[in-house]
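J.: Here are the chains, one letter per residue:
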Amino acid sequence: MRERFASGFDPFVIPFVLGMVFVLSYCLFGMIRILVQLPKADRRKFLLSLVTPKTLLKDIKDIFLNCLIHVKLWKRNPVLGYMHSSIAFGWFMIILLGHLEVMLFLPERIHLFYYPIFFNYFVAETETTLQGAVLFFLMDFFLLMILSGIVLAIIKRVRSRIVGMRRTTNPSFLDRVGLYSLWAIFPLRLLCESFTAHISGGSFLTLPMNWIFRQFLGNELNALPTWWAYSIALGVFMTVLPFTRYMHIPSEMLLIPLRNAGLHILHPRKGFARVQFYSCPGCGVCIDACPMSVRKENLKDCTVYLNRQLRRGNEKRIEEISDKCLMCGKCTAVCQVGVQGPELRLAQRTMRNYGVNPHYSDIDPERFRVEGGSAKVLYFAGCMTHLTPGIGKSVRSLLDKAGVPFKMMDPEGGLCCGRPMMMAGRKEQTRELIRLNTDIIRNSGCTTLLLSCPICYRIFKERYSLDGIRIVHHSVFFDELIKQGKLSVQHNDSLRLAYHDPCELGRGCGIYDEPRSAVSSVAELLEAGKNREESICCGGSLGSLSLNFEKRKDITLASLKNLCVEDPDGIVTACPLCQSTFSNYSDIPVQDIAQVLDNASS
Amino acid sequence: MDFGFSLSPSSAVNLDNTDMSLYERLCEREPGAKTCMACGSCSATCTVSAINGMSVRKVILGLQRGQFRDVEKMLSRCMLCGKCTMVCPRGINTRHLILELCRLYGSKEGEL
Ligand code: SF4
Ligand code: SF4
Ligand code: SF4
Ligand code: SF4
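Those protein sequences? They're chains F and W, same order as listed. The opening residue of the first sequence carries number 0 in numbering that gives the first Met the number 0; numbering runs sequentially from there. The opening residue of the second sequence carries number 0 in numbering that gives the first Met the number 0; numbering runs sequentially from there.
In case anyone wonders, no lab produced these hints; they're calculated from the structure. Careful, some of the hints might be misleading.
[Stated by the list, open to error] Listed next, the in silico BS3-like pairs over lysine-lysine satisfying Cα-Cα at most 30 Å (straight line):
| no. | chain 1 | residue 1 | chain 2 | residue 2 |
| --- | --- | --- | --- | --- |
| 1 | F | 426 | W | 72 |
| 2 | W | 33 | F | 295 |
| 3 | F | 375 | F | 552 |
| 4 | F | 552 | W | 72 |
| 5 | F | 375 | F | 482 |
So here's chain F without its partners, still in its complex pose (with noise of 0.2 Å):
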């Protein structure tokens, strides 16, 4: 390879230039902004993290992963996967691509950054560079990879229904301008090369381009404006970057070392969550994922445009958003970037000012003092299940038939256990209910507490530290009985039960596969249309604050529909609330699993 201009420069680089230098100063500014508003302790966490060799490596294998093969994506939807990585990964690799040329045959002009971009043009292939072929094959190879992901998202926006998808979002006008600019960018990089291919090289895609425009162009004529027109596409794109959608290819390369950091959302719009919602590209899953989507008015509350708003900075539409949400978690579990969509309206929620603020300080724990004992198992039924008296009744029940003596934490009713203060957003209190209850708990002398509600499983779980007490959720407690045989259990072979993974017990605690194996011991399992991760909220939450009774009615019945593709004999599932929620709209029974399982045992 030999230069062709001595200078190594022409003036069509520097639009492209100029975005680049554009775009690079407002990351690096705005990185360093989330970094100053990090809590002091999130900030070394994060630091730390980057020096500790493990987490380094699962950054870098996380953010290849992610933003460029889009591995999440491909698992979900394999069309709008191909389109994103071979975009994302196509063109990274143009990008090393270009520095190995110019690493190889013009080391010395590695440091014009433009250089390995625009290679092509400012290089003639002399006898000596045919290795260069090799390069060149993967050049274009890459570059047709790009085209046919172009022509993928081309037919996504004119047809989302194609790649399988029912709803996407409308881009606003700077997201069209970048994704024009992003569309013309590659088609635009065909024609330059095609036009300068007899002169610096090609290979099976942009030679014979090349031989055909030459038959009835001037080549020399038509090269440097399109290669003009390319710096311009990618100047442009650059610099509108930080106005876009787009601006998430960036966001996300920082959301994954402040993830893997182990960082949680603590404000709703600076640091970690700023990361957050600005790393979401609008893909729009979330949309038909999120169970309020079946109300069309509610089509905007869902997690994209919180995200949306939030860059805005719509406080009011924020605040309405922030109160709907089920906290049901399903659009974490779709979405492939993991924004947090719950935790970021529950940040919201614990900005506001109340006149009244609830306290405890006057309550006794005394007044709840736990009698029954020296048995070492403590049920706590809930405030739930103090509601549907038959669930804390077959619990009991079984309890006695596999001789497990226990006693009883909440006999006449309780204190809450927390959840529902928490998820208002009200810390304070939520504390106190904490204490109050760990003090009960302590006093005692329990090594186990058994729960009925996934709601109180959950925060028992994450937030009370009961270091020496096993906490257990009464579907995984039954279902170790049956397995050690101190439980019996009649299968009926008639019988075929759906069951419903609730939001908290499932994917907020991770359990899936005891509940089914305790279901399958006395009857035959069936499986919702969506479940286990992408299981469909009931519509009952304590999560929303603001959706009434009537609203939550289409959203009880789309998840009962679900729930009932394989035609089942009854529903169970293991949560009071969703048993109470389902049992309002649902033509056949719907009950907890303690219940089925007092049913089916002697």
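With chain F held as given, fit chain W with the ligands onto it using these hints.
T.: Chain W with the ligands only, in chain F's frame:
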């Protein structure tokens, strides 16, 4: 003379003297408040009613009668457990009602 009983002072509230603005603000934010039929299901089930007499029914009535201090006292022990929401036959979102009321107290809008 001891009759074995005594007269208690009248607890009647003169509704004409009551400032309804707080109640009205609440109804704007949680229209469900207007549909309460004072059935008392919420009171019967409330986790803290035994502790400080909390009752959504009494909260709603208290607002209409100007018993703001009593209402505040009741609100100040609610644990937001949601039992009242689950049992309310009118489907009132009582947790939202309570939270909004807690916000209105002391805010400019809710100033008495
Ligand atoms: S947590 Fe559930 S209800 Fe809330 S936005 Fe996500 S999917 Fe929708
Ligand atoms: S939050 Fe996640 S799933 Fe929803 S649009 Fe953004 S990236 Fe997609
Ligand atoms: S949410 Fe408050 S008022 Fe309602 S039952 Fe629970 S403690 Fe009582
Ligand atoms: S249960 Fe509902 S309707 Fe009945 S008193 Fe309470 S809030 Fe009013």
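J.: All the hints need checking, so say for each whether the structure fits it.
T.: Evaluated hints:
no., hint, verdict
1, 426/F / 72/W, "20 Å, holds"
2, 33/W / 295/F, "26 Å, holds"
3, 375/F / 552/F, "41 Å, violated"
4, 552/F / 72/W, "34 Å, violated"
5, 375/F / 482/F, "20 Å, holds"
Of the numbered hints listed earlier, those contradicted by the structure are 3, 4.
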